[in-house]
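A.B. asks: Listed here are the chains, written in short residue letters.
There are 2 protein chains.
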Amino acid sequence: MALLVQKFGGTSVGSISKIQHVADKVISAREQGHDVVVVVSAMSGETNRLIDLAKEISTAPPPRELDVLVSTGEQVTIALLSMALTEKGHSARSYTGTQIGMLTDNVHGKARIRSINSERILSDIKRGCVVVVAGFQGVTGEGHITTLGRGGSDTSAVAVAAAINADECQIYTDVKGVYTTDPRIESKARLLKNITFEEMLEMASLGSKVLQIRAVEFAGKHNVPLRVLSTFEEGEGTLINYDEEGGMEQALISGIAFNRDEAQITITGVPDKPGIAFQILGPIAEANIEVDMIVQNVAGDETTDFTFTVHRNDYDCSLKILKKNAVELQAEDVSGDDTIVKVSMVGVGMRSHAGIASKMFEVLSKESINIRMISTSEIKISVIIDEKYLELAVRALHSAFNLEEPSPQNEENSLSET
Amino acid sequence: MALLVQKFGGTSVGSISKIQHVADKVISAREQGHDVVVVVSAMSGETNRLIDLAKEISTAPPPRELDVLVSTGEQVTIALLSMALTEKGHSARSYTGTQIGMLTDNVHGKARIRSINSERILSDIKRGCVVVVAGFQGVTGEGHITTLGRGGSDTSAVAVAAAINADECQIYTDVKGVYTTDPRIESKARLLKNITFEEMLEMASLGSKVLQIRAVEFAGKHNVPLRVLSTFEEGEGTLINYDEEGGMEQALISGIAFNRDEAQITITGVPDKPGIAFQILGPIAEANIEVDMIVQNVAGDETTDFTFTVHRNDYDCSLKILKKNAVELQAEDVSGDDTIVKVSMVGVGMRSHAGIASKMFEVLSKESINIRMISTSEIKISVIIDEKYLELAVRALHSAFNLEEPSPQNEENSLSET
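Those sequence lines, one after another, are chains A and B. Positions in the first sequence are counted from 1; adding 57 to them yields our numbering. Positions in the second sequence are counted from 1; adding 57 to them yields our numbering.
Treat the hints with care, since some could be wrong.
Heads up, the list lumps identical chains together, so a pair's fine if it works in one copy or across two of them.
[What the hints assert, rightly or not] No more than 27 Å apart at the CA atoms, straight line, and that leaves these computed lysine-lysine pairs for DSS-like:
1) Lys-233 <-> Lys-330
2) Lys-245 <-> Lys-445
3) Lys-416 <-> Lys-233
4) Lys-278 <-> Lys-445
5) Lys-330 <-> Lys-416
6) Lys-112 <-> Lys-145
7) Lys-416 <-> Lys-112
8) Lys-112 <-> Lys-82
9) Lys-245 <-> Lys-167
Please keep in mind that the hints were generated in silico from the structure rather than gathered at the bench. This one's a predicted model, so the numbers in the text were calculated from it and none came from an experiment.
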């Protein structure tokens, strides 16, 4: 018997029949002997409907009032889900962010959680009640309603799980879990039974949009085991936790992520002197453009080449800024390319295993795929390649690193899960 | 400069453009130098939409969850109205029942207000803010959301007005105020400038459905001057307050109310002995049927006749119950009629003026209208007549008592209002 937090997003509660299906899933967990706290989002479409009402009135509605407005979305869902559970014979009680004491700072629209009053949840749980909590919303110390921003419901669920010391926080989505890579590109992509928080962070930020980065960070910080599973299909999904048997054999690579939204800008032959990076990127940052990869390389004796990537939407603007500054920077040339992609291999096993990078380069070379940029971290290697090679690169790497085969680590943990 | 509470119902806030119109009305009061607290209902149709969602899940949803659900209706309106006011350059702040400390008992669906925390409202008012409060909803001492039941928004407005000691509580509706009688029946019906709480209670309960009885009682109890006016047409409406110049000349009659929903049941020749009224009405009450007028008359030496009225929907059921009990009651006969109406004259002036009743009977007699039942109170005379005479009776009485002419009282008070 475990204490579980189950989070269902907007598409999972998008209609009355879907809400009834969610109630069945919760009841199934209850019948297995588990205590359950459910965190839900607004019914899909509802938040946008409310925002559209606001937009009819104002192009810039006061953020405080926007939070009062959109927070009604989850309030509707918690009431309906509690009704569905009661109708099916299980006692249930709903709570808004205010009622549960989901205390946040006062940054309306993207508030950050400070604390949760777990007393009420735990006392309802004790008397056999399913507790249904509105995700995405909180309250300031002065009683003003706040929202956590897009994807905030995942964070709410993790926060509740941390506050009540839940055994697991289960995030129900429309996918079965986290895969070694995108199954639409590599049909042999395998559902991971386990992945670490760090790997998940790298996977998420690289475009595997299963979970909000913020919720993963929060879960990692408070050591809340997270599980991603499907609302609509059976299965155990993917468990995200710390690698607690750090000394044991580990999977070298957990997965291959990629991002099609990047564009590359290169500035060559700039003087190699202190402050040049800031001179190049300062104006970009001022234009509120986010920079992803940055690579600097020695070119000649006293000059250097500098390359960075931005979102494709910001490509034209970035190029314009740099071309304008080229003379001042004493650059030889400014060029760019928006037909590139980033492919990344992620795995905590890299830490202790040499040769991953060289094997990656070898695989790509065998396929005659030219690498334009390389960037590495402790548990990740990213390369920028021509976008036409994306699928080929992903499949070749997936196969070369045997990702379709379960790794020893995943096998072991699958035993300890059941 | 006065402190005003303005209440706008569902039809007044039924669309974005109507909400913007309400904002304009509030701003107009602000520009006249008044401080304003606005109390609003859910947008028309919204409460029913939410209840329909609940009904898809359960025929008897838990009342606590139903309150969580429907209370989102007003929450949407307060946010949108605050946005509209801000957009038009006036600072505004919304509050839910919970946020304003609208403390109620824990009878979900028809909670009664216990107290309001006026501190927050008054401090916002002090800094020049329009305060926008969600009507119809409250919160228990334990933080559970409650609703006050149908028409509860009027009561919310009165409660807020009492708590902050407002100069006037203005109820905006789709009529211009309270008339001497229904203008659809007597085109000469006159808009009253003034009416007392007691008169309004008699008018409301008799079918002039302008204001909820409960709100009028509440206003009377806390001596909150109430004003009924139209959202869509200009005008000063009708002020409802205590007759504070009790010694002065008063209008004899304020208005003529009527009720088409009544049916009459008569039981004749029952033994005139203690307890007989209870024996007759006990089984009716047990069937949850509400009885309106009750008249008992001496018939023979040792028997009595007993007549009462019920809602027409309850007519068949009441008749059946009485016929079943007729033998036990030793009644000669049980009969009924559901083609009758009640016509009532209401006026505090009756207290000090004799002869109103006899004049009323004379008027009806001249029109050959037969009176079937009579019932009187301090400020009201009601008669039951054949339904086909309703319009004739109302017009004859309206004319005979000169209700189309402003009374001295109304003239005087109209001066003191401006």
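A.B. asks: If a hint holds in the structure, say so; if it doesn't, say that too.
C.D. replies: Going down the list of hints, with the structure as the test:
Neither within a single protomer nor between protomers do Lys-233 and Lys-330 lie at most 27 Å apart by alpha-carbon distance, with minima of 51 Å and 79 Å respectively. For a Cα distance limit of 27 Å, the shortest separation of Lys-245 from Lys-445 inside one copy, 20 Å, qualifies, whereas the shortest one across copies, 84 Å, does not. With identical chains, the CA atoms of Lys-416 and Lys-233 are never at most 27 Å apart, being 30 Å at best within one copy and 84 Å at best between copies. For the homomeric pair Lys-278 and Lys-445, neither the shortest alpha-carbon distance inside one copy (38 Å) nor that between copies (79 Å) is at most 27 Å.
Proximity of Lys-330 and Lys-416 under a CA criterion of 27 Å is satisfied in neither setting, with 35 Å inside one chain copy and 108 Å between copies. Proximity of Lys-112 and Lys-145 under a CA criterion of 27 Å is satisfied inter-copy only: 14 Å between copies versus 39 Å inside one chain copy. For the homomeric pair Lys-416 and Lys-112, neither the shortest alpha-carbon distance inside one copy (53 Å) nor that between copies (61 Å) is at most 27 Å. Taking identical chains as interchangeable, the C-alpha atoms of Lys-112 and Lys-82 lie at most 27 Å apart only when they sit on different chains, with a minimum of 21 Å there against 36 Å within one chain.
Within a single copy, Lys-245 and Lys-167 get their C-alpha atoms no closer than 38 Å, and across copies no closer than 59 Å, so neither meets the 27 Å cut-off.
This entry does not satisfy hints 1, 3, 4, 5, 7 and 9, going by the numbered hints stated previously.
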